[in-house]
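Could you build the full structure based on these sequences and the hints that come with them?
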Amino acid sequence: MTKSFFGGIWHDRYILASFVNRDLQSRYRRSLLGVLWAIITPLALSVIIGTVYAFLFNQDVKVTVPILFAGLNPWTFITFSAEGGNTAFISAEGYLKQLSVNPQIFPLRTVCVGFVNLLYSMMAFYVLYLILQPQAFGAEMLMIVPGLLVVFLFSWGLAQIASVANLYIRDYQPLQSLALQAFFYITPIIYRPSQLAEQLSFIYRYNPFYYVLEVVKQPLLGNLVPYETYLIAIAVALVVFAVGTAMVSRCRWKINFKL
Amino acid sequence: MSIIKLEDTDLVFKVWRERRLKDIIVPGSNKFNKFQNATVHALDHVTLTIQEGERVAVIGHNGAGKSTLLKVIAGIYRPSGGKLTVEGNVSNMFELATGFEVEQNGWDNMYLRGLMLGLSPKEIKSKMREIADFSELGEFLNMPVKYYSSGMFVRLAFSTSTAFMPDILLLDEVFAAGDAGFIEKATRRMKEMVNVAKILVMVTHNMDTALDICDRCIWMDRGKVRMDGKTEEVVKAYLDFVR
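The listed protein sequences derive, respectively, from chains A and B. Residues in the first sequence are numbered consecutively from 1, following my numbering. Residues in the second sequence are numbered consecutively from 1, following my numbering.
Hints are not guaranteed to be accurate.
Claimed, not checked - Cut-off 16 angstroms, straight-line C-alpha distance, at most; resulting in silico cross-link-like pairs (EDC-like, lysine to aspartate or glutamate):
| no. | chain 1 | residue 1 | chain 2 | residue 2 |
| --- | --- | --- | --- | --- |
| 1 | A | K258 | A | E93 |
| 2 | B | K5 | B | E54 |
| 3 | B | K146 | B | D215 |
| 4 | B | K224 | B | E54 |
| 5 | A | K97 | B | E54 |
| 6 | A | K97 | B | E101 |
Honestly, the hints are just simulated from the structure, not real lab data.
Dropping the structure here:
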């Protein structure tokens, strides 16, 4: 099952690359700043929220903005993948019903597009961080690579789950977006764990998103992550990915009839 | 050596009613919707063999399973029972105006379609000029395909699907929208293709097309092969039946 899953992706790798390329191009076509928007949007958002928070809670802008930005980057990628997964098969109906293309490339297509955007916004982050806190740069930052792998696997899993779930029950899409919205406020993105009272720490301790975000967020900021966090993050990502892959593989031949 | 072989091939699919959360939580909330889950027996134990060099027309009523037969051969649907052997690379062209990126121009769509037909980027790029010439679309190829007419879609899709001399070519009712000149040209190409010992299977409602191109004809009825033989005989029997 897994062999035909990955074999199918390899077989259609050129199709996948072509789709991702097109999606990226069409996303920024007809806008004057083009691909720069991928960098400006998260940057501006972090500066706006960060400044407001710094002002409200009387904190240093130089500290709040990078932390916010570092958390928003992987979060945006995760939600983009999960949301995009909903329509992955539906929007590819024309191809799936006409040509014998492997359906598993379509959720992956969304994830790849989101991932390229993540890389762009990370560049914006590094530039900003270099201006605000140049002393934080160091070899610890290389740990971003395993972090990105974990968040990629996790997002791919979510996209696959959404792609199949939404074929069966169309309510999945609004439900998922509500749940993600809730997690956005629960997970330490716009606040820091240290701001919570000890008895409330369970809010993030039992939150799988927290661990997956940490392995990207902390290396971005130049901090090391405890290995327990890695273990939990990897376990969460693997489980979500395995569930998503199993769902897509099982429905491989039902998708065409469901569309 | 190309061959298509169906042995007792069966295709049953379920038709699902759109399910909403409300239907699961509130029992009886769908009482106004009489349509329940049903099964459709699209191919009913079909056994047939198509050898190299054959040009086959598939005819029959709407919903007889003609298109399903083609999609099973193309590998888009998997049979739910029986055996299916398809040897040789398959190229196909089914519904019109689907499977296109409407915002992209003709060249991009030609490239993408080529990839989906199983070609490598290099192979497609070397053939693009030739496809463009055959399609006679000229300047229109630089235009997003959302502005194309249905005839232009036919030209683009047919030219791409046949440019690579596939072993097996599957066509589903594609000429309705093409103009007379293009139909003639396409007919000639299909005949040429079969001359180099390849297989052609086409679904058609136009008996003249069937008689002109194909030497064998299969009449499908409710998922079964009702008659299989020389085109003239099968077409005559079918027309007698319809009248």
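| Do the alpha carbons of K224/B and E54/B lie within 16 angstroms of each other, as the hint requires? | violated, 20 angstroms
| field | Distance restraint between K5/B and E54/B, which requires alpha-carbon spacing of 16 angstroms or less | value | Holds, at roughly 13 angstroms.
| task | For the pair we were handed, K146/B and D215/B, check the Cα-Cα distance against 16 angstroms. | result | violated, 37 angstroms
| Holds or violated: K258/A with E93/A, Cα cutoff 16 angstroms? | holds, 10 angstroms
| field | 16 angstroms Cα cutoff - pair K97/A, E101/B | value | Roughly 14 angstroms separates the two Cα atoms, so the pair holds.
| said: Next pair to validate is K97/A with E54/B; report whether the Cα-Cα distance is within 16 angstroms. | reply: violated, 26 angstroms
Hints 3, 4, 5 from the list above are not met by this structure, while the remaining hints are.
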